[in-house]
Amino acid sequence: MARYVVRRLLLLVPTLVGIVLVVFVALHLVPGDPATTLLGQHATPEAVAAIRERLGLDEPLPVQFLDYLAAVVRLDLGRSVITQDPITSDLAQRLPVTVTLTLFSMAIAVVVGVALGLAAAVRRSSWIDYLSMTVALLGVSMPVFWLGLLMILYLAVDLGWFEPSGLASVQYLTRVPARTHFFLVDSLLAGDLAAFQNGLWHLVMPGVALATIPLALIARITRSSLLEVLQNDYVRTAYAKGLPGRAVVWRHALKNALLPVLTVVGLQFGSLLSGAVITESVFALPGLGRYIVSAIFNRDYPAVQGAVLVFAGLFVLLNLLVDLLYSAVDPRIRYD
Amino acid sequence: MRRLLRHRGAVAGGLIVLAFVFVALAAPWLTPYDPRAGDLAEALLPPSPGHPLGTDYAGRDLATRLAYGARLSLEVGILVVGMAVVVGSLWGAVAGYVGGWFDLLSMRAVDVMLAFPSLLLAILMIAILGPSLTNAMLAVGIVAIPNYVRLVRSVVLGVKPKEFVEAARAEGAGFWRILWRHVLPHAFAPLLVQATLGVATAILDTAGLSFLGLGADARTPEWGSMLAHSKEYFRTATWTMTYPGLAIMTVVLGFNLLGDGLRDALDPRLRGRP
Numbered sequence: 000m001a002r003y004v005v006r007r008l009l010l011l012v013p014t015l016v017g018i019v020l021v022v023f024v025a026l027h028l029v030p031g032d033p034a035t036t037l038l039g040q041h042a043t044p045e046a047v048a049a050i051r052e053r054l055g056l057d058e059p060l061p062v063q064f065l066d067y068l069a070a071v072v073r074l075d076l077g078r079s080v081i082t083q084d085p086i087t088s089d090l091a092q093r094l095p096v097t098v099t100l101t102l103f104s105m106a107i108a109v110v111v112g113v114a115l116g117l118a119a120a121v122r123r124s125s126w127i128d129y130l131s132m133t134v135a136l137l138g139v140s141m142p143v144f145w146l147g148l149l150m151i152l153y154l155a156v157d158l159g160w161f162e163p164s165g166l167a168s169v170q171y172l173t174r175v176p177a178r179t180h181f182f183l184v185d186s187l188l189a190g191d192l193a194a195f196q197n198g199l200w201h202l203v204m205p206g207v208a209l210a211t212i213p214l215a216l217i218a219r220i221t222r223s224s225l226l227e228v229l230q231n232d233y234v235r236t237a238y239a240k241g242l243p244g245r246a247v248v249w250r251h252a253l254k255n256a257l258l259p260v261l262t263v264v265g266l267q268f269g270s271l272l273s274g275a276v277i278t279e280s281v282f283a284l285p286g287l288g289r290y291i292v293s294a295i296f297n298r299d300y301p302a303v304q305g306a307v308l309v310f311a312g313l314f315v316l317l318n319l320l321v322d323l324l325y326s327a328v329d330p331r332i333r334y335d
Numbered sequence: 000m001r002r003l004l005r006h007r008g009a010v011a012g013g014l015i016v017l018a019f020v021f022v023a024l025a026a027p028w029l030t031p032y033d034p035r036a037g038d039l040a041e042a043l044l045p046p047s048p049g050h051p052l053g054t055d056y057a058g059r060d061l062a063t064r065l066a067y068g069a070r071l072s073l074e075v076g077i078l079v080v081g082m083a084v085v086v087g088s089l090w091g092a093v094a095g096y097v098g099g100w101f102d103l104l105s106m107r108a109v110d111v112m113l114a115f116p117s118l119l120l121a122i123l124m125i126a127i128l129g130p131s132l133t134n135a136m137l138a139v140g141i142v143a144i145p146n147y148v149r150l151v152r153s154v155v156l157g158v159k160p161k162e163f164v165e166a167a168r169a170e171g172a173g174f175w176r177i178l179w180r181h182v183l184p185h186a187f188a189p190l191l192v193q194a195t196l197g198v199a200t201a202i203l204d205t206a207g208l209s210f211l212g213l214g215a216d217a218r219t220p221e222w223g224s225m226l227a228h229s230k231e232y233f234r235t236a237t238w239t240m241t242y243p244g245l246a247i248m249t250v251v252l253g254f255n256l257l258g259d260g261l262r263d264a265l266d267p268r269l270r271g272r273p
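If you read the sequences in order, they're chains A and B. Just so we're aligned, residue 0 is where the first sequence starts under numbering that gives the first Met the number 0, counting upward by one. Just so we're aligned, residue 0 is where the second sequence starts under numbering that gives the first Met the number 0, counting upward by one.
This is chain A alone, in the form it adopts within the complex (with noise of 0.2 Å):
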């Protein structure tokens, strides 16, 4: 098992190197100077030459790269072109919010995608079924921004359920020092219970907005593989000995087919993060998604780079647990 880790780990690398490079190239395929989108228009020929100079954009492209990747191997990702602050510590602070986004609506999607999946195919036919498949089907097809649009209209304005917007309420933001800037874990650490649960409530409707698609998914995938499982010739024999259906569907059959829902949960990472860009938007969440937003309009293209930098070298990381994870609950697969 150590081998095989070492071995994803090893083979991360030509990925990760692969993406630094698009990025890399990415802003140089950006129109005009960058010295001169630094200074702006009115810059004198001087000051352009100095910075052209001290940011390395004399050297040969190749050297360029090299340098960039060496500073991205240092977490050195440059300075904001707006705020002057270095980027990486910006980031710091807003990849918690969507880590723990990101987390919690998995989280949220695999447990109700999989009792969906379970109750539709051990009901098969029943209404159970046809009420599941419906909700995945709508699931699937649902814009998360028009969802979150309607849940902060019926939950939160009109019912009052859940707050509209925002990572906490004010008081407790100010009240809890940050020190991992995972707000949940920050209020833990202070012994904070009232901020842990308010927190966690308003992270409620931005994490089942987010997690509709891949809750859908998961739960026709769940759906399909259990009943290909339930013919299998050992869950017939494990009827046939006597054990009631329970005991066969989560002993037997379920552990079996949940292989490809480990599949589809890797890959859901990827529309999970994607998703979750618009959801920090719709619901002012000051996560990488909205920094990256933002970072766009104020046209600071290093901000831009970090933050897809990050996010792309998140989803990499993501997916590699999961093929972990699955090894791990697949000693078939073999690790060499």
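Source of the hints: derived by calculation from the structure; they are not laboratory data. Being a predicted model, the structure only gives us computed values, none of them experimental. Some hints could be false.
With beta-carbon atoms standing in for the labels, derived distance ranges [unchecked claim]:
no.: 1; chain 1: A; residue 1: LEU323; chain 2: B; residue 2: TRP100; range: 41 to 49 Å
no.: 2; chain 1: B; residue 1: PRO27; chain 2: A; residue 2: LEU8; range: 57 to 65 Å
no.: 3; chain 1: B; residue 1: LYS159; chain 2: A; residue 2: LEU137; range: 36 to 44 Å
Note that the Cβ used here is the ideal one computed from N, Cα and C, for glycine as well.
We have chain A; now place chain B onto it with these hints.
This is chain B only, laid out in the frame that chain A set:
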């Protein structure tokens, strides 16, 4: 075809898609209003006989904007998926057929593209090109290409060693002729399924980018942009938010149902798979 017509989901999806295409094509004849120009005196009017779905913040008839929005979404679907299918299929076919270093490089490029969450890659491209509807469509199209490259390449790899391809080569058929007449027809069924589902994704992603302000501007009757601009008014004028969202969901649902039905009809072994 008979299998498709017996598939309830596919029939429902097909009807939704037909209605959508009809509204898109007939928009100018269905409504007397201009989708772009409004009368501020008529801003945010609730649904009434004169404006069956109400008006938006600029006093424009919402039903009119939705109908013209269908037109735009149809354009988005056709252009985005058309571009991705043509470029992706050619690329995948050549990579699979030629093999060697071209195939190797192509597959690495595809891997790197797929290493990005799709909307993020589209956003990176919009950062380079600048926000506009055309650029959003271009970005969504480019991001979709790798799916078609992989699909067509795998079909080509399966067909290439077959005898009829060898026979065509022995007859002296050229590279493009073999590809066009003997290899690509085998990719037609999976491409049709993928493209139908791709239209749903293209419409959803382009609307999402417009919602973020990275696509269509406020004047353009685009569904995602209409939703974005309803954000300030939807608490009092709910119709400005409800109908554009409902339109996106219904059309996306239609293409998803049709795509699933096509897959079941063309390959019954996959029936019931998500």
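Now the hints, each set against the structure:
1. At about 32 Å, the CB distance of A/LEU323 to B/TRP100 disagrees with the hint of 41 to 49 Å.
2. A beta carbon spacing of about 59 Å between B/PRO27 and A/LEU8 agrees with the range 57 to 65 Å that was offered as a hint.
3. The hinted range of 36 to 44 Å is satisfied by B/LYS159 and A/LEU137, whose Cβ atoms lie roughly 41 Å apart.
Comparing the model with each numbered hint stated earlier shows that hint 1 is the single one that does not hold.
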